[in-house]
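Here the protein sequences come in this chain order: H and D.
For what it's worth, our numbering labels the leading residue of the first sequence as 2, then goes sequentially.
For what it's worth, our numbering labels the leading residue of the second sequence as 2, then goes sequentially.
Just to be clear, a hint being listed does not mean it is correct.
Note that the list lumps identical chains together, so a pair holds whenever it fits in one copy or between two copies.
[To be verified] PhoX-like cross-link-like pairs, simulated, lysine-lysine; straight-line CA separation at most 25 Å:
#, residue 1, residue 2
1, 40, 64
2, 464, 492
3, 363, 489
4, 363, 464
5, 444, 3
6, 275, 391
7, 64, 444
8, 363, 492
9, 489, 464
No wet-lab data here; the hints were simulated from the structure.
In case you want the letters, here they are:
2 protein chains.
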Amino acid sequence: MKYIIGMDVGTTATKGTLYDENGQSIAEMQQGYPLIQDKVDQAEEDPNLIFDAVQDVIFTLAKKVSGEIAAISWSSQMHSLIGLDENKQLLTNSITWADNRAEYVVEEAKSSGLAQQIYERAGMPIHPMAPIYKLIWLKQKHEELYRKVKYWLGIKEYLIFRLTGKMAIDIPMAAGTGLLNLQTLTWDPELLRAVEIDSEQLPELMQPVAIVGTILPEYSQKLNLHDTQIVLGASDGYLSTIGIGVLDQHSYALNVGTSGAVRTITRQPVLDKKARFFCYAVDEKQYLLGGPVNNGGISFAWAKNVILSSEDTAEDFLNLAQTVPAGSAGLLFLPYLGGERAPIWDANARGSFVGLTRNHTKPQMARSVLEGIIFNLLGASHALTENIGKPKAIRITGGFVKSDFVRQMLADVFNVPIVTLNNDQSGTFAAMFLARLALGLSKDMAEINDYINEERIYFPQEKNVQVYQELLPIYNDLVHSIQEHYEKIAKFQSMHPELFNKTL
Amino acid sequence: MKYIIGMDVGTTATKGTLYDENGQSIAEMQQGYPLIQDKVDQAEEDPNLIFDAVQDVIFTLAKKVSGEIAAISWSSQMHSLIGLDENKQLLTNSITWADNRAEYVVEEAKSSGLAQQIYERAGMPIHPMAPIYKLIWLKQKHEELYRKVKYWLGIKEYLIFRLTGKMAIDIPMAAGTGLLNLQTLTWDPELLRAVEIDSEQLPELMQPVAIVGTILPEYSQKLNLHDTQIVLGASDGYLSTIGIGVLDQHSYALNVGTSGAVRTITRQPVLDKKARFFCYAVDEKQYLLGGPVNNGGISFAWAKNVILSSEDTAEDFLNLAQTVPAGSAGLLFLPYLGGERAPIWDANARGSFVGLTRNHTKPQMARSVLEGIIFNLLGASHALTENIGKPKAIRITGGFVKSDFVRQMLADVFNVPIVTLNNDQSGTFAAMFLARLALGLSKDMAEINDYINEERIYFPQEKNVQVYQELLPIYNDLVHSIQEHYEKIAKFQSMHPELFNKTL
Ligand SMILES: Nc1ncnc2c1ncn2[C@@H]1O[C@H](COP(=O)(O)OP(=O)(O)OP(=O)(O)O)[C@@H](O)[C@H]1O
Ligand SMILES: Nc1ncnc2c1ncn2[C@@H]1O[C@H](COP(=O)(O)OP(=O)(O)O)[C@@H](O)[C@H]1O
Numbered sequence: 002m003k004y005i006i007g008m009d010v011g012t013t014a015t016k017g018t019l020y021d022e023n024g025q026s027i028a029e030m031q032q033g034y035p036l037i038q039d040k041v042d043q044a045e046e047d048p049n050l051i052f053d054a055v056q057d058v059i060f061t062l063a064k065k066v067s068g069e070i071a072a073i074s075w076s077s078q079m080h081s082l083i084g085l086d087e088n089k090q091l092l093t094n095s096i097t098w099a100d101n102r103a104e105y106v107v108e109e110a111k112s113s114g115l116a117q118q119i120y121e122r123a124g125m126p127i128h129p130m131a132p133i134y135k136l137i138w139l140k141q142k143h144e145e146l147y148r149k150v151k152y153w154l155g156i157k158e159y160l161i162f163r164l165t166g167k168m169a170i171d172i173p174m175a176a177g178t179g180l181l182n183l184q185t186l187t188w189d190p191e192l193l194r195a196v197e198i199d200s201e202q203l204p205e206l207m208q209p210v211a212i213v214g215t216i217l218p219e220y221s222q223k224l225n226l227h228d229t230q231i232v233l234g235a236s237d238g239y240l241s242t243i244g245i246g247v248l249d250q251h252s253y254a255l256n257v258g259t260s261g262a263v264r265t266i267t268r269q270p271v272l273d274k275k276a277r278f279f280c281y282a283v284d285e286k287q288y289l290l291g292g293p294v295n296n297g298g299i300s301f302a303w304a305k306n307v308i309l310s311s312e313d314t315a316e317d318f319l320n321l322a323q324t325v326p327a328g329s330a331g332l333l334f335l336p337y338l339g340g341e342r343a344p345i346w347d348a349n350a351r352g353s354f355v356g357l358t359r360n361h362t363k364p365q366m367a368r369s370v371l372e373g374i375i376f377n378l379l380g381a382s383h384a385l386t387e388n389i390g391k392p393k394a395i396r397i398t399g400g401f402v403k404s405d406f407v408r409q410m411l412a413d414v415f416n417v418p419i420v421t422l423n424n425d426q427s428g429t430f431a432a433m434f435l436a437r438l439a440l441g442l443s444k445d446m447a448e449i450n451d452y453i454n455e456e457r458i459y460f461p462q463e464k465n466v467q468v469y470q471e472l473l474p475i476y477n478d479l480v481h482s483i484q485e486h487y488e489k490i491a492k493f494q495s496m497h498p499e500l501f502n503k504t505l
Numbered sequence: 002m003k004y005i006i007g008m009d010v011g012t013t014a015t016k017g018t019l020y021d022e023n024g025q026s027i028a029e030m031q032q033g034y035p036l037i038q039d040k041v042d043q044a045e046e047d048p049n050l051i052f053d054a055v056q057d058v059i060f061t062l063a064k065k066v067s068g069e070i071a072a073i074s075w076s077s078q079m080h081s082l083i084g085l086d087e088n089k090q091l092l093t094n095s096i097t098w099a100d101n102r103a104e105y106v107v108e109e110a111k112s113s114g115l116a117q118q119i120y121e122r123a124g125m126p127i128h129p130m131a132p133i134y135k136l137i138w139l140k141q142k143h144e145e146l147y148r149k150v151k152y153w154l155g156i157k158e159y160l161i162f163r164l165t166g167k168m169a170i171d172i173p174m175a176a177g178t179g180l181l182n183l184q185t186l187t188w189d190p191e192l193l194r195a196v197e198i199d200s201e202q203l204p205e206l207m208q209p210v211a212i213v214g215t216i217l218p219e220y221s222q223k224l225n226l227h228d229t230q231i232v233l234g235a236s237d238g239y240l241s242t243i244g245i246g247v248l249d250q251h252s253y254a255l256n257v258g259t260s261g262a263v264r265t266i267t268r269q270p271v272l273d274k275k276a277r278f279f280c281y282a283v284d285e286k287q288y289l290l291g292g293p294v295n296n297g298g299i300s301f302a303w304a305k306n307v308i309l310s311s312e313d314t315a316e317d318f319l320n321l322a323q324t325v326p327a328g329s330a331g332l333l334f335l336p337y338l339g340g341e342r343a344p345i346w347d348a349n350a351r352g353s354f355v356g357l358t359r360n361h362t363k364p365q366m367a368r369s370v371l372e373g374i375i376f377n378l379l380g381a382s383h384a385l386t387e388n389i390g391k392p393k394a395i396r397i398t399g400g401f402v403k404s405d406f407v408r409q410m411l412a413d414v415f416n417v418p419i420v421t422l423n424n425d426q427s428g429t430f431a432a433m434f435l436a437r438l439a440l441g442l443s444k445d446m447a448e449i450n451d452y453i454n455e456e457r458i459y460f461p462q463e464k465n466v467q468v469y470q471e472l473l474p475i476y477n478d479l480v481h482s483i484q485e486h487y488e489k490i491a492k493f494q495s496m497h498p499e500l501f502n503k504t505l
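Pulled out of the complex, with its shape left as it was, chain H reads as follows (with noise of 0.2 Å):
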C-alpha cells in the first residue's frame, strides 16, 4: 500500500488527511496556530508555527502507515506575502489575506488607474488582500526592509521551500498576487515594474500537479517518511472548487463557512465591468471565476448572540427562524458587519435591519439574518450570471449550509437547484487528487468525479421563490442608497473607539 497526505493550509490552522490508494480518507488531523493581530488592520502569521504544524500532522499521520507516504500534496489560503533575505532566511512573518493595511494604497491605485489595470492584467479584484497592494505599501513604508528582501513568496511555497529547497508556485495561486498576466501565464512584467521586482525574485511557475521534489534528507528523516514525493498542489479556492466536481460554468460551488465565497470554472478569462469578481488563471483551458464574501456564518454567529444569547445555540436560532414564513413580513437585513468584498467591495460597509415595524418580533430577525447573508451570496453569484449565464445547479459546503432549512431558503433565492455532498473535504481531498495525477494513478481530472457523490438536490419551492423575487429588488435598490452612508459612519466609528467600550 502507498498512502497521500493531502495537506490544508488554513488561516487558522492546518488539516491534513491521509488517503489511501483507492483516495479513500483513513485518518485526519489539526494543528492551529494564533493570527498577529497587534496593529490596526494587521493580520499576520508566523511563517515557523505553521511549519512546525505542519509537521507534527504530518508525523502524525505518517506514523499510522509506518512513514509509507507516497506523496504529500497542498492546498493553501491566498494572497499570504513572506520576504526572505538573500540566504533565503524569513525577514517578514507571513501577511495574511486578512491584513487591511495596504487599504490606502487601494485608494490611490483606484484613482491613478492602477487597480483598473491590475483587474484588468491579472483578474485581481481592486482589494488590500492583494500581495500587489501589500508590495507597494511596504516598498512606501518599509523601504529599507523592501530593499533588503531577495525573494518574495507566499506561505505555502515557503513550506514547500523548507521541505524540497525548492521556489515554486503553482499558477492559481500565482494568480492571486496580481502580479500574474491572465493572457500569457506568467509573470506581467508591467506589473512587475510598478513593484519594482524582478521575476528572479519570485517562485518559479508550475502546474498545481508538478512534483517539486523529493523530500529533504533532513525532514525525511525528522519525519520518519521515505522518499515521499512534494507535489505542488494549489489555492484553496481552485482546489475548494473541482474538490466538489465544480469543473466547469454550468455549475457553480458555493462554500459558506465563517466567510463565503462562489466560484465556477470557465474555459476562457472573464473579467466584470464592475470588476466584482476574481479571474485567476488556472491554465491555457481553465480560469476560476468568483466572488469572496466576508459576511457568512460569521454574521449568523453574531445574530444568535444578540437576537438570542451566547448560551442558546445555532440550532435554536434555527428553530425560531423557522417559526415564520420566507420574508420576514418585509424585513430586511443587509450583513454588512465586517465590511464587504463581494458583490460590493466596500471595507467600510456596515449591517442594517429595514422594515421594521412593531409586528416584527424575534423570529422574523432571526430569520431575515439568514435571509440576508443568502440575499447578498446572491449578488455576488449574480455578478458572474450576469457574466456567463445561470449555473443548472449549486454544489454547497461549509457550516452555514448544514441545515435543511438554510439549504432550501439557498433554493428559494437562488431560484436554482441546491445540491449537497457527502463528501465536505473538498481542500485536502484536492490536493490528494493532485498527487494521484502527479503519480500516475488517476488519468485524467474529470476522474475526480468518482469520488463525489451527490447526497441530495433541495429544488426552489415556487411559493418562496415568488416572495424573494418581490423583496431582492427592494433588497439590492437598499444596498446602493444605503452605501453613500458608510464612509461616514465607519469614520465616526474609527475616531471613537472608545465608544466599544463595554463599560462606562
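Got chain H; can you put chain D with the ligands on it based on the hints?
Chain D with the ligands alone, transformed into the frame defined by chain H:
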C-alpha cells in the same frame, strides 16, 4: 367648600380628578373603553360607552364631596368625528384620530393642492387624522349616510351636548378639525364648501373658559349634583401645554408617552414651508404650534420585547442601555415602527438599525433605540426652532421620560436644559384651571404658574453633546435616503399580511 372636577377624555380611558377650592387634587378616577378596529385602518369608539364612563367617573368623584361640584371642565382627545341625525341621534361611532381610512383622500388632496390649502388656511397638517379629510372620505364612500347627518361634532362636544343639550366647541379643538380659518377664528367658508357642509351643522365656536350651561336636570339627579356648571374646556393638546406652564415660545412642552408631541405657544400664527407642524388658533393672541410624534414609548416597548424579552422590565432595558457610552458606537436607530407624523409625515415609514458591526451587542442596540426615539423628537422640535428660534428650556412629561437616564439623554441630544415638574396631571389640572377662570376664582392665565413647580433641571453634558452633534447629521441624511424605500416596503407588507403570521 366648592369643588371642581377636571375631566380628560383620552383614547383608551377617561380620567377625572377632583380638585378643592385651592386647586389641590383630592381624588382621581379612571374608566376605560375599547377601540373598535374590525377593519384595516379603522379606529372607532362607541360614544355611548364613553358617555357611560364619563358618568361613572363624575358620579364616583362627586359622591366623595356629597355632590358639591361647582363646575366640571374638560380636556379631550382631538380630531374625533361623530355624525348626528336631525333628531340629534347618533348615526356614527366616534371616528378617532387613529383612524387612517382617509389616507387615500390625503394623497388625492396632495396632488390637487387642496392639502396645502388646508394647511395654509387652517394650520392643519396633511394627515388623515383631520376631520376634514374624514368628511371627504365619508362623502365619497358613504354618501347616503353623509346626507343623513345633520350635525357633525367631536367626542367632547358630544359629551357636553348630552349633559347640557347645547352644541359648543372651543377654538383650539375646532382648529384640529381642519375647518377653522386661522386668521378669522371662524369656520372657513371655502373649506366648508370643499366638504359641502354648512356652518349650521357645526357646534357653536366659544372660548375654552365659556360656561356652556348648567347640567341638565336629568343628569343632575342621576349623578347627584347640585347646580353644576359645565365649562367648555379645550383640546388635550392645548391643555397639556399650558397645564405645565408653557405659555409662550420661550419654552417648549415635550410629552412622550406611548406617542409623543412637542408643542409651544406663539403670539402670531406661524406656518412651516414644509408643513411639518400644526398651527392651531386658541384666540387672537395665542396659537398652539407643534408636532405629534407616533414613535415614543411604543417603540421603546417593542425594543424591550425584541432585544430583551417580554418578561424583562423597562428598568432592565434602561439598565442595559446605560452600560455603554453615548453614541451607541455609531449604531443608528430610525424609530419609525408605526409610520410617522412629525417630522417626516410618512405613514409608510418603517424602523431601521443602521451601522451594525460585530462589536455591537445588546447594550448598544438598546441604547441606540432610546437615542433614535430622541433624535426623531429633536427633528420634530427642530421644525419649530427653524421658524421661531430655540427655546430656553423644554418641560417634559410622560411615561417615556420617567428615568434620569432618558432625561439626561434628552438634554444632551437637544442641547437645551430639560425641566421636570412635580405636577404631572396636566390635562385634568388645566381643565380645572379653566373652570377657575370661568368661575372667577382665578383672574388671569398666568396664575396657572402658582400651581406648577419645577422639580429638577437636567443640563447638557458637553462630552455627550459633542458625540450627538457628530451623529445627528449622519442620522438626518439616513432618514432622507431610506425614506424613498418605505413605499415599496410598506406595499410589500400590506400585500402579504399572511407573512405576519407567527406560525407556518
Ligand atoms: N421606565 C420607562 N422608560 C421609558 N419608557 C417607559 C418606561 N416605562 C414605560 N415606558 C413607556 O411609556 C409609555 C407609557 O407612557 P404614558 O403612560 O405617558 O403613555 P400614555 O398616556 O399611554 O400615552 P399618550 O400620552 O401617548 O397617550 C409606554 O409606551 C411604555 O413603553
Ligand atoms: N447550524 C448552523 N447553521 C448556520 N451556520 C452555522 C451553524 N453552525 C455553525 N454555523 C456558522 O458556520 C461558521 C463555521 O463554518 P465552517 O465551515 O466550519 O467555517 P470556517 O471553516 O470558514 O471557519 C461559523 O461562522 C458559524 O457561526
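For each hint, the structure was consulted:
For the homomeric pair residue 40 and residue 64, neither the shortest alpha-carbon distance inside one copy (40 Å) nor that between copies (76 Å) is at most 25 Å. For the identical chains of this complex, residue 464 and residue 492 are inter-copy neighbours only, at 18 Å across copies versus 42 Å inside a copy, given an alpha-carbon limit of 25 Å. In this assembly of identical chains, residue 363 and residue 489 lie within 25 Å of each other by CA distance solely across copies; the values are 23 Å between and 29 Å within a copy. In the homo-oligomer, the alpha carbons of residue 363 and residue 464 lie at most 25 Å apart inside one protomer (23 Å), although the nearest pairing across protomers, at 34 Å, exceeds that limit.
With identical chains, the CA atoms of residue 444 and residue 3 are at most 25 Å apart within one copy only, with a shortest distance of 17 Å there and 109 Å across copies. In this assembly of identical chains, the alpha carbons of residue 275 and residue 391 lie at most 25 Å apart only when taken from the same copy (18 Å versus 48 Å across copies). For a Cα distance limit of 25 Å, the shortest separation of residue 64 from residue 444 qualifies neither inside one copy, at 29 Å, nor across copies, at 103 Å. Taking the shortest alpha-carbon separations for residue 363 and residue 492, only the inter-copy value of 22 Å comes in at or below 25 Å, while the best intra-copy value is 30 Å.
For the homomeric pair residue 489 and residue 464, the shortest alpha-carbon distance between copies (20 Å) is at most 25 Å, but the shortest distance inside one copy (39 Å) is not.
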